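Those protein sequences? They're chains E and W, same order as listed.
So the first sequence is numbered by full-length UniProt numbering: it starts at 1 and just counts up by one.
So the second sequence is numbered by full-length UniProt numbering: it starts at 1 and just counts up by one.
Hints are supplied without guarantee of correctness; some may be wrong.
What the hints assert, rightly or not - Here are some, though not all, of the chain E residues that point toward chain W, as calculated from beta-carbon distances under 7 Å: (1) L28; (2) A36; (3) A57; (4) T58; (5) T62.
In case anyone wonders, no lab produced these hints; they're calculated from the structure.
The structure displayed is predicted, hence computed values, not measured ones.
Note that the Cβ used here is the ideal one computed from N, Cα and C, for glycine as well.
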Amino acid sequence: MSIFEYNGSAVVAMVGKNCFAIASDRRLGVQLQTIATDFKRISKIHDRVFIGLSGLATDVQTLYQRLVFRHKLYQLREERDMKPETFASLVSAILYEKRFGPYLCQPVIAGLGDDDKPFICTMDSIGAKELAKDFVVSGTASESLYGACEAMYKPDMEAEELFETISQALLSSVDRDCLSGWGGHVYVVTPTEVKERILKGRMD
Amino acid sequence: MECVFGLVGNGFAIVAADSSAVHSILLHKNNEDKIMALDSHKLIAASGEPGDRVQFTEYVQKNVSLYQFRNGLPLTTAAAANFTRGELATALRKNPYSVNILMAGYDKEAGASLYYIDYIATLHKVDKGAFGYGSYFSLSTMDRHYRSDMTVEEAIELVDQCILEIRSRLVIAPPNFVIKIVDKDGAREYAWRMTVQDVTTAAV
Chain E
1 MSIFEYNGSA VVAMVGKNCF AIASDRRLGV QLQTIATDFK RISKIHDRVF IGLSGLATDV
61 QTLYQRLVFR HKLYQLREER DMKPETFASL VSAILYEKRF GPYLCQPVIA GLGDDDKPFI
121 CTMDSIGAKE LAKDFVVSGT ASESLYGACE AMYKPDMEAE ELFETISQAL LSSVDRDCLS
181 GWGGHVYVVT PTEVKERILK GRMD
Chain W
1 MECVFGLVGN GFAIVAADSS AVHSILLHKN NEDKIMALDS HKLIAASGEP GDRVQFTEYV
61 QKNVSLYQFR NGLPLTTAAA ANFTRGELAT ALRKNPYSVN ILMAGYDKEA GASLYYIDYI
121 ATLHKVDKGA FGYGSYFSLS TMDRHYRSDM TVEEAIELVD QCILEIRSRL VIAPPNFVIK
181 IVDKDGAREY AWRMTVQDVT TAAV
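My request is simple: use the sequences and hints to build the entire structure.
Here it is, written out as structure tokens:
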């Protein structure tokens with residue numbers, strides 16, 4: 001089993017009309033054993049930028065702490081929040097710093113840029129950015145997620161429809177992956193509010 | 001073969017650990033106390049490489065005391081757990097400790113809590129947790145019978161059920177267990193569950 005599959009994870013982000021949604025599963029496992037069913041993979045950097053980290057849970061936690069630290073420093077120096085594109089570049093740089101001993105995570109970054117334009121991207125564990133206009137996925141269930149998102153996605157969805165779409169895509173994908181699942185955690189972010197919802201899926 | 005498990009009840013947390021000190025096929029002693037008190041209201045139950053287990057838990061204990069001396073206030077359980085995770089994470093890519101930890105504590109504001117910290121520094125707050133081969137039996141037993149508002153008597157019954165399961169189903173089951181509890185009155189030893197005791201030899 002690869003070290004990326006040690007804890008099990010699934011993260012997906014989708015773009016809507018002036019909004020975005022980012023969702024993850026909730027399982028924390030140690031190979032075949034499930035330890036917890038309420039593990040948080042998506043973290044808020046600030047009101048308009050979220051990062052979901054899949055991969056090895058210890059590096060998810062370490063990397064999150066480092067990124068929050070760097071963003072707080074940025075806020076002190078620049079007296080403003082980071083734009084999502086800038087944050088993505090920061091994550092990429094931090095990951096590449098460890099090129100020959102990497103953090104074993106694949107981040108998914110989603111944010112609202114200037115003019116409330118949604119931005120999503122993902123990268124591999126050494127910081128190779130992959131921008132997309134529609135959706136990005138990562139984790140042990142990524143192949144199922146690609147298929148589900150491709151089938152269910154359509155452009156310019158409003159917040160409620162986007163929530164339904166990303167939830168169905170996530171739940172149907174993790175149901176085919178034994179290492180991820182046990183519910184879902186969905187954030188739908190519009191320029192005015194952040195809606196956090198827990199999904200109940202197949203609890204196996 | 002080391003079994004460590006714990007659960008949180010109504011205003012208390014209980015941890016149980018086996019008490020065998022094993023070296024290859026030899027059982028050095030069968031009354032080794034693997035649950036250390038960090039301070040008056042915290043317990044750390046550790047399993048793993050014996051040298052690392054003792055050295056690392058003592059290191060954490062001394063640093064928790066140092067904080068209290070310097071600042072005049074004890075650390076909260078969450079803070080102590082995060083400190084422990086930080087030390088494990090820093091050492092992970094240099095000189096890793098092979099110690100799995102269940103940290104139980106009681107704080108006035110937060111109540112009783114249990115933290116699962118595995119040897120690669122994955123931290124998670126849990127209601128019930130377990131490490132080792134015994135976890136396959138104790139986690140399932142706890143999943144079946146656990147409720148969040150258990151009394152001490154009910155929790156001890158559950159712990160005994162887990163110990164019985166481990167003793168009857170694990171091929172090289174440890175003979176003895178120690179059970180410790182932490183609640184508003186502090187951390188203390190609750191009971192030993194012995195099947196094999198050291199026999200003092202008669203004078204020749």
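Do the hints match the structure? See the list:
no.	hint	in the structure
1	L28	6 Å, holds
2	A36	5 Å, holds
3	A57	4 Å, holds
4	T58	4 Å, holds
5	T62	5 Å, holds
Comparing the model with each earlier hint shows no violations; every hint is respected.
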